Structure formats: structure tokens, C-alpha cells
Amino acid sequence: ETGVTQTPRHLVMGMTNKKSLKCEQHLGHNAMYWYKQSAKKPLELMFVYNFKEQTENNSVPSRFSPECPNSSHLFLHLHTLQPEDSALYLCASSQDLGRGLTDTQYFGPGTRLTVL
Amino acid sequence: GQQVMQIPQYQHVQEGEDFTTYCNSSTTLSNIQWYKQRPGGHPVFLIQLVKSGEVKKQKRLTFQFGEAKKNSSLHITATQTTDVGTYFCAGRLRSSASKIIFGSGTRLSIRP
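Those protein sequences? They're chains A and B, same order as listed. The working numbering runs 7 ahead of the 1-based position in the first sequence. Just so you know, the working numbering puts -6 at position 8 of the second sequence, and the rest follows in order with no gaps.
Source of the hints: derived by calculation from the structure; they are not laboratory data. Bear in mind the structure is a predicted one, so any value in this text is a computation, not a measurement. Incorrect hints may appear among the rest.
A few chain A residues facing chain B, derived, Cβ under 8 Å [stated by the list, open to error]:
id : residue
1  : 46
2  : 50
3  : 97
4  : 111
5  : 113
6  : 114
7  : 117
Pairs of lysine-lysine, DSSO-like flavour, derived with a Cα cap of 27 Å [claimed, not checked]:
id : chain 1 : residue 1 : chain 2 : residue 2
8  : A       : 43        : B       : 85
9  : B       : 56        : A       : 48
10 : B       : 85        : A       : 29
11 : B       : 85        : A       : 48
12 : A       : 47        : B       : 22
13 : A       : 43        : B       : 22
14 : A       : 29        : B       : 22
15 : A       : 59        : B       : 85
16 : B       : 85        : A       : 47
17 : A       : 43        : B       : 56
18 : B       : 22        : A       : 48
19 : A       : 47        : B       : 56
Idealized CB from N, CA, C, for every residue including glycine.
Start from the sequences, fold in the hints, and give me the full structure.
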């Protein structure tokens, strides 16, 4: 257990559905991240939040909508997804975005998403 | 765009043999981190390198950061079956603390 939890662990949805992924960290960190991990592709950084403010949007399609109500919680709202969006979605947190050891990322177990 | 290239993509070794994976960035990095992901698991932090030319060791693992802070390597001496997994480097750009780029990973498998 890394102190970062994600729910649900598995999700199957149709292209017209709306669903949300949830991430919670119990480490007192201030920075949170969403990553997409597809087969045979590198981990892709999607969004970064620092002290609840979005600091990075890595050209992610608008069908993915993040929300960070506080430093402990991060959501990824999904709507009208495509089959190619099927992947493992990983959440991570770090103490902050500093350039020392404080930016070590702790990953959650991920949500395995399948879009039919 | 900015990239971090990692090679090789796969490495299959006999238990006891050495293993090395290399990362090369198209741009200067602020720091580089290494993560290990076991099959079916999530990335777990191994180490961070910050200084130019830095070398760090963790038991059988040796990590290096290049003088120009654009490349890095991870070397495992005398591999064991517990070393199986995918090793990723992750570079944080000097120009933006939020910008992190992961290498594509090297998947290590081991013949007992």
C-alpha cells in the first residue's frame, strides 16, 4: 500500500456513458497527477494539480475532465469516450513539485478502463 | 516535442547475468527518477538523481546521471528472479516543474 487509493479498480463503459474515476491520497501531499498507461506505450502524463490548481494539461481531449476539490482528492470525469481510450489510468501524488526528493511520486493501483 | 527514449524495449537474461537499461532525453533535465513496475502492478519509486554525473547504488542496482543531465542508466548486477518487471525512467524538465516525461520502459524477464 502506497497511501494512494483508486476506485473503481475496473470499469467497463459504453461510448455514450458518463463515469468518474476517483483518487484519494492519505500522505498529506500537495501535488496530484493523472497518467494513462496503454499497452506498448510509455506512461502518458495527462494532468497535474498543485495545491488544487491545475498546472499541466498535456493536450488531453476534452472528453476527459479532471477535478481536484482539495489536495487529497482527484477525480477524472469521463464522457463519450472512444475504444482507444481503453487503458490503465494511474493516479499519483507527490509532496510538491519541488526539484528535490519532495517530487517523488507515489502511484495508486490504477483503474483498468475498457470502453466498448 | 520533448522525448525520453529508453532502450532496450525488452531484455531476457539468464539469472545471474547483468542487465542495463538506458534513457536519453532530447532536452536537459532537472532531475531523473527511476521506477519499477511489476507485472500487474503499479510503478514504484526506486531512486532520484539530481546532480550532473551523479552515481547512486542500491545493493545490486547502480544508477547514473550523465554530465549533461540528458541521459541516465540503471545497471543490475547478477540479476535475480525478483528483479522481473518493467523499469521506467522519468525526467522532470528544467523548464517546467510540472512537466514529467516517462521513458517507454524496459521489460526485464529472467530465465531461472
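In ascending order, which of the hints set out earlier in this document are inconsistent with the structure?
1
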